[in-house]
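Respectively, the protein sequence lines represent chains A and B.
Residue 61 in our numbering is what sits at position 47 of the first sequence, and the numbering runs on without skipping anything.
Residue 42 in our numbering is what sits at position 33 of the second sequence, and the numbering runs on without skipping anything.
Don't take each hint at face value.
Computed cross-link-like contacts, BS3-like style, restricted to lysine-lysine with a CA-CA straight-line distance of at most 30 Å [unchecked claim]:
{"#": "1", "chain 1": "A", "residue 1": "K25", "chain 2": "A", "residue 2": "K146"}
{"#": "2", "chain 1": "B", "residue 1": "K11", "chain 2": "A", "residue 2": "K175"}
{"#": "3", "chain 1": "A", "residue 1": "K67", "chain 2": "A", "residue 2": "K146"}
{"#": "4", "chain 1": "A", "residue 1": "K146", "chain 2": "B", "residue 2": "K11"}
{"#": "5", "chain 1": "A", "residue 1": "K25", "chain 2": "A", "residue 2": "K121"}
{"#": "6", "chain 1": "A", "residue 1": "K146", "chain 2": "A", "residue 2": "K170"}
{"#": "7", "chain 1": "A", "residue 1": "K161", "chain 2": "A", "residue 2": "K67"}
{"#": "8", "chain 1": "A", "residue 1": "K25", "chain 2": "A", "residue 2": "K170"}
{"#": "9", "chain 1": "B", "residue 1": "K11", "chain 2": "A", "residue 2": "K154"}
Anything over 10 Å on all C-beta distances counts as not near chain A; from chain B, calculated [unchecked claim]:
{"#": "10", "residue": "N28"}
{"#": "11", "residue": "V29"}
{"#": "12", "residue": "P32"}
{"#": "13", "residue": "H34"}
{"#": "14", "residue": "S39"}
{"#": "15", "residue": "V69"}
{"#": "16", "residue": "N75"}
{"#": "17", "residue": "V90"}
No lab work stands behind these hints: they were computed from the structure.
Here the structure is a predicted model, which is why all the values come from computation and not from measurement.
Built from N, CA and C at the ideal position, the CB exists for glycine as well.
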Amino acid sequence: MGEAVSEPIIKIEINREDFNCEDEIRALTQGRHDLGAVVSFIGLCRDEGSTLKALEIEHYPVMAENEIQRIAQSVCKRWPLGGLVAIHRYGRIPVGENIVLVIAASKHRQAAFDGANFLMDYLKTRAPFWKKEHYISGGKGEWVSAKDEDDDALTKWGGDKQGGSSKG
Amino acid sequence: MKLVYFSWIREQIGISEENVSLPDHVNNVSDLLDWLRGRGEEFEAFLQQPEIIRVALDHVHADDRNASLRNVSEIAIFPPVTGG
Chain A
15 MGEAVSEPII KIEINREDFN CEDEIRALTQ GRHDLGAVVS FIGLCRDEGS
65 TLKALEIEHY PVMAENEIQR IAQSVCKRWP LGGLVAIHRY GRIPVGENIV
115 LVIAASKHRQ AAFDGANFLM DYLKTRAPFW KKEHYISGGK GEWVSAKDED
165 DDALTKWGGD KQGGSSKG
Chain B
10 MKLVYFSWIR EQIGISEENV SLPDHVNNVS DLLDWLRGRG EEFEAFLQQP
60 EIIRVALDHV HADDRNASLR NVSEIAIFPP VTGG
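Looking at chain A on its own, in the form it has when it is part of the complex (with noise of 0.2 Å):
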C-alpha cells in the first residue's frame, strides 16, 4: 500500500469531558507539509424517537486505552498513516452531544478513509465501552445490546477478531 508518510501519531484519549474535532485537526496538521487528507468521524448520541434522555457509557479504564491503542498500531500497520487520533467518552452523554471522535491523516485520501472506517469498526467490538439508554420517561434505565451487524462489519477487513495485531 505504499510507503509510510513518516512515523505516525498516535493519539488516544478516554475523557468525560467533550472534545473539538478542529482543534483536534489543527493539532495533527499544524506546521506539517506531508499530509494530504484528513478524514475525520464524530459518533453522536442520536435520540430514538423523541424517548431518549441520555447515554450513560461505561468503561474498563485500563483496558479501554489500551484496546483502542492495539487497534491503531494494526491501523498504522496496514495503511501508511501520517496521524491518527481516537478519543472516546465515557459517563452521561445527553442526547446530540459527541461520544467518539477518529481521525486519520494520511498522503493520500483512500488510506485515511480506509484506517478511520477500520478503527470505529474494531473499536465497536472490541473496546471495553458499553452504553445504557436512560428515557425521557425515567425509570432505571436499560443495557444497549450488541449488534450481530457490527461483528459483520469486520468480514470485510478479512475478519480476524484483532485487527491483524499480535496478542499482548
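Use these hints to put chain B onto chain A, whose structure you have.
This is chain B only, laid out in the frame that chain A set:
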C-alpha cells in the same frame, strides 16, 4: 485473584469487583466460568448463555476459552461491548 465485572453483569450480581481464591482445578477461562456458575443464583443467571460472556485476562481479550489463568492477576467478565 481480582475479578472485575461490568455493565448488566455487574448490576445483576451487585458487585463491581472482588478478590477470590480460585480452586486448584480452575486452570482456564472455561473452568472459571463453570466455577462461577456454582457460586449462587445471580451468577447462574448471567451465565445462562455462557457463550456470549466475554473475558479479559490482565486487560487483554481472552478469545480462547482454553486460555490459561496462570500468572494472571486481574480477570474481567463482561457482556459484548457496545461503545463507539
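Going through the hints against the structure:
{"no.": "1", "hint": "A:K25 - A:K146", "in the structure": "holds, 26 Å"}
{"no.": "2", "hint": "B:K11 - A:K175", "in the structure": "holds, 26 Å"}
{"no.": "3", "hint": "A:K67 - A:K146", "in the structure": "holds, 11 Å"}
{"no.": "4", "hint": "A:K146 - B:K11", "in the structure": "holds, 25 Å"}
{"no.": "5", "hint": "A:K25 - A:K121", "in the structure": "holds, 18 Å"}
{"no.": "6", "hint": "A:K146 - A:K170", "in the structure": "holds, 28 Å"}
{"no.": "7", "hint": "A:K161 - A:K67", "in the structure": "holds, 21 Å"}
{"no.": "8", "hint": "A:K25 - A:K170", "in the structure": "holds, 25 Å"}
{"no.": "9", "hint": "B:K11 - A:K154", "in the structure": "holds, 28 Å"}
{"no.": "10", "hint": "N28", "in the structure": "holds, 17 Å"}
{"no.": "11", "hint": "V29", "in the structure": "holds, 18 Å"}
{"no.": "12", "hint": "P32", "in the structure": "holds, 26 Å"}
{"no.": "13", "hint": "H34", "in the structure": "holds, 25 Å"}
{"no.": "14", "hint": "S39", "in the structure": "holds, 18 Å"}
{"no.": "15", "hint": "V69", "in the structure": "violated, 6 Å"}
{"no.": "16", "hint": "N75", "in the structure": "holds, 14 Å"}
{"no.": "17", "hint": "V90", "in the structure": "violated, 5 Å"}
The structure is inconsistent with the numbered hints 15 and 17, although it conforms to all the rest.
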